[in-house]
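Visitor: Given the structure of chain A, go ahead and fit chain B onto it with the hints provided.
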Amino acid sequence: MDRLYISDWCAWCASETQCASPQQSISSPVGSSLPGLLRRRLDAAGRATCDILHALAPIDGCPLIHASRHGDVTHTLSMLESLAQGQPLSPARFSMSVHNAVLGVYSIAHQHRQPLQALGACGHEFDALLTEAEGYLDAGHASVVIVFSEGELPATYHGHTPHPGQACAVGLRLTRQANEHPRLTASPTATPGEPTPLEVIQWLAGNTPWLDGLQRLTLEAE
Amino acid sequence: MHETSQQLTLDLKRMIIEALELEDVTPDDIDAQAPLFGDGLGLDSIDALELGLELQKRYGIKLDAEAEDTRQHFASIDALRALVETRRDR
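As they're listed, the protein sequences go chains A and B.
Per our numbering, residue -5 is the first one in the first sequence, and the count goes up by one each step.
Per our numbering, residue 2 is the first one in the second sequence, and the count goes up by one each step.
With the rest of the complex left out, here is chain A:
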């Protein structure tokens, strides 16, 4: 990992007691960065993602990448249930049932015209976000904002898939410029993991010494 610095970050958790310090947290209720007619189409994690993007994106914009393992799974499940019962699908829900829907809403609300990318990576979302961000930085962009979120998991799925246990989201603005920002370094790990947004928040807040994904990530003061 070549010179990757975190110039800012912020987070949101549905249960705020488990989240980052107030300085690094998005204020509730989430969705204040969106007009009401767009806000209504997103769940809480999608709204928080937009607030985080708005807080971190520079005024003149930069590439934005959003990752989620499960996406808006509550609404996905309700559509599957409708199909199983032979009921017609809600057009509004169907229109939002793509992984890049949250970025689409953000880009409409804020007239964003730079690259947007949505990722799902079966547990390797944070690794994938960093890989893609480095690609944009190496292509000449001064900064990239990444957001990793999970929505609330419906009871039907409990015990069947890894999940942080609550809706949460975390965003980072990454750059190649040091400027006394913390530096991200990667080293091999013997215990690879599939970090959730909550684990990323705990690590960024300094509560855990490293973050194990496909590699072990650590933060160093420059």
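For the record, the hints were derived by calculation from the structure and aren't laboratory data.
Each hint should be verified, as a subset may be incorrect.
Stated by the list, open to error - Within a straight-line C-alpha distance of at most 25 Å, the following computed SDA-like cross-link-like pairs (lysine to any residue) qualify:
#1 B:LYS58 - A:THR70
#2 B:LYS58 - A:LEU74
#3 B:LYS63 - B:SER6
#4 B:LYS58 - A:SER89
Guide: Just chain B, lined up with the frame of chain A:
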């Protein structure tokens, strides 16, 4: 026996708020004569499809999305009420 026009107007306002998830909007906020789309309430084309589905579920009214008169039926709450009063089967 069907409800009065006044009650139907209120029902349609509630239907729109509920089906379109218009948070922070109350029936009193919706002017029955004002346009629902564009400058008025600000609804979009996805909302039009959602309303079409809702009319079918609640009142058994099936509209042709391509027909020119569909646009007129969706002009305002009053236009919707006139449509439901003449075409409802439940």
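Visitor: All the hints need checking, so say for each whether the structure fits it.
Guide: Each hint tested on the structure:
no., hint, in the structure
1, B:LYS58 - A:THR70, "holds, 21 Å"
2, B:LYS58 - A:LEU74, "holds, 19 Å"
3, B:LYS63 - B:SER6, "holds, 21 Å"
4, B:LYS58 - A:SER89, "holds, 20 Å"
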